[in-house]
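Student: In terms of the working numbering, the sequence shown is numbered consecutively and its last residue is 243.
Treat each hint with caution, since some may be false.
Claimed, not checked - Each computed BS3-like pair below joins lysine-lysine, with the alpha-carbon atoms no more than 30 Å apart:
1) 235 with 197
2) 44 with 235
3) 208 with 235
4) 197 with 208
5) 197 with 44
6) 172 with 197
7) 172 with 235
8) 208 with 172
Because the hints were derived from the structure by calculation, they are not lab data.
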Amino acid sequence: MTSAVPGPAVPGSALADSVLARLTEVYPAAGDPVRARETAAYMKDVAPFLGLRTPERRALSRTVLAGLPAPAEADCAAVALRCFALPEREYHYFAVDYLRRYAGRCSSAFLPVARTLVTTVPWWDTVDLLAAHVVGALVAADPALAVRMDEWIDDDDRWIVRTALLHQLRFKDATDAGRLFSYCLLRSGHPDFFIRKAIGWSLREYAKTDPDAVRAFVAEQSSRLSPLSAREALKNIGGPKSR
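With these hints in hand, go ahead and build the complete structure from the sequences.
Tutor: Here you go:
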């Protein structure tokens with residue numbers, strides 16, 4: 001299945017205008033060029049950085065948002081898409097934090113925006129948070145979106161696949177275990193590290209809710225799961241219980 005999906009248009013938003021004007025003034029002024037180079041190298045040069053430490057960046061974000069109203073869905077889309085259009089990674093982090101905070105204000109119609117963000121300068125540092133806190137929140141609010149995850153798990157883009165695998169990370173008792181296990185099997189033979197790691201991580205997280213189910217699944221499918229996936233899945237619960 002091809003992953004070439006046209007991206008959504010950026011909505012007009014006076015709130016986004018205010019956020020971006022403040023953000024692009026405050027963030028660069030606090031940047032550290034030395035740290036920026038070091039962080040870019042650590043992150044495999046996926047994007048340039050301004051050189052902001054996370055606590056400092058989030059403090060600056062509070063300054064940026066001070067006095068501004070909560071966004072509507074169109075504002076969330078405009079802020080996120082415009083931030084991801086900027087080169088420096090800290091702007092992408094701002095967008096992810098913003099959406100984590102306001103995901104509840106977005107409907108199922110926001111999913112195409114989330115997909116665009118997942119595939120824009122994709123790396124684990126943004127993809128994983130978007131998967132668990134944005135895409136997952138959308139699916140939790142509208143379970144009908146699960147069929148879209150059934151499409152994503154079959155996608156050619158590894159980051160879309162990883163998002164489908166990880167979107168239930170925070171579901172706990174509400175996890176659709178059948179869907180989770182089927183996704184893991186569908187992609188069990190994928191050669192990519194990030195897919196195999198995501199399979200193990202999704203199982204390990206569900207093991208906090210139902211360790212016996214995960215233990216049994218790994219035992220039954222040991223010939224299909226990669227050693228990495230199986231090891232990650234059982235990291236906190238060990239292997240099958242002896243009888």
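Student: If a hint holds in the structure, say so; if it does not, say that too.
Tutor: Quick rundown of the hints versus the structure:
1. For the hint pairing residue 235 with residue 197, the CA-to-CA distance comes to about 12 Å; that is within 30 Å, so the pair holds.
2. Note on residue 44 and residue 235: the hinted pairing holds, with a Cα-Cα distance of about 27 Å set against a maximum of 30 Å.
3. In summary, the hint linking residue 208 to residue 235 is supported, as the alpha carbons are separated by about 11 Å, within the 30 Å threshold.
4. The straight-line distance between the Cα atoms of residue 197 and residue 208 is roughly 17 Å, inside the 30 Å bound, and the hint therefore holds.
5. Proposed proximity of residue 197 and residue 44 is supported: the alpha carbons are some 18 Å apart, at most 30 Å.
6. For the suggested pair residue 172 and residue 197, the alpha carbons sit about 19 Å apart, so the restraint of at most 30 Å is met.
7. Proximity of residue 172 to residue 235 is assessed by CA-CA distance (about 18 Å); at most 30 Å being required, the pair is judged to hold.
8. As the CA atoms of residue 208 and residue 172 are separated by approximately 8 Å, the hinted pair is consistent with the 30 Å bound.
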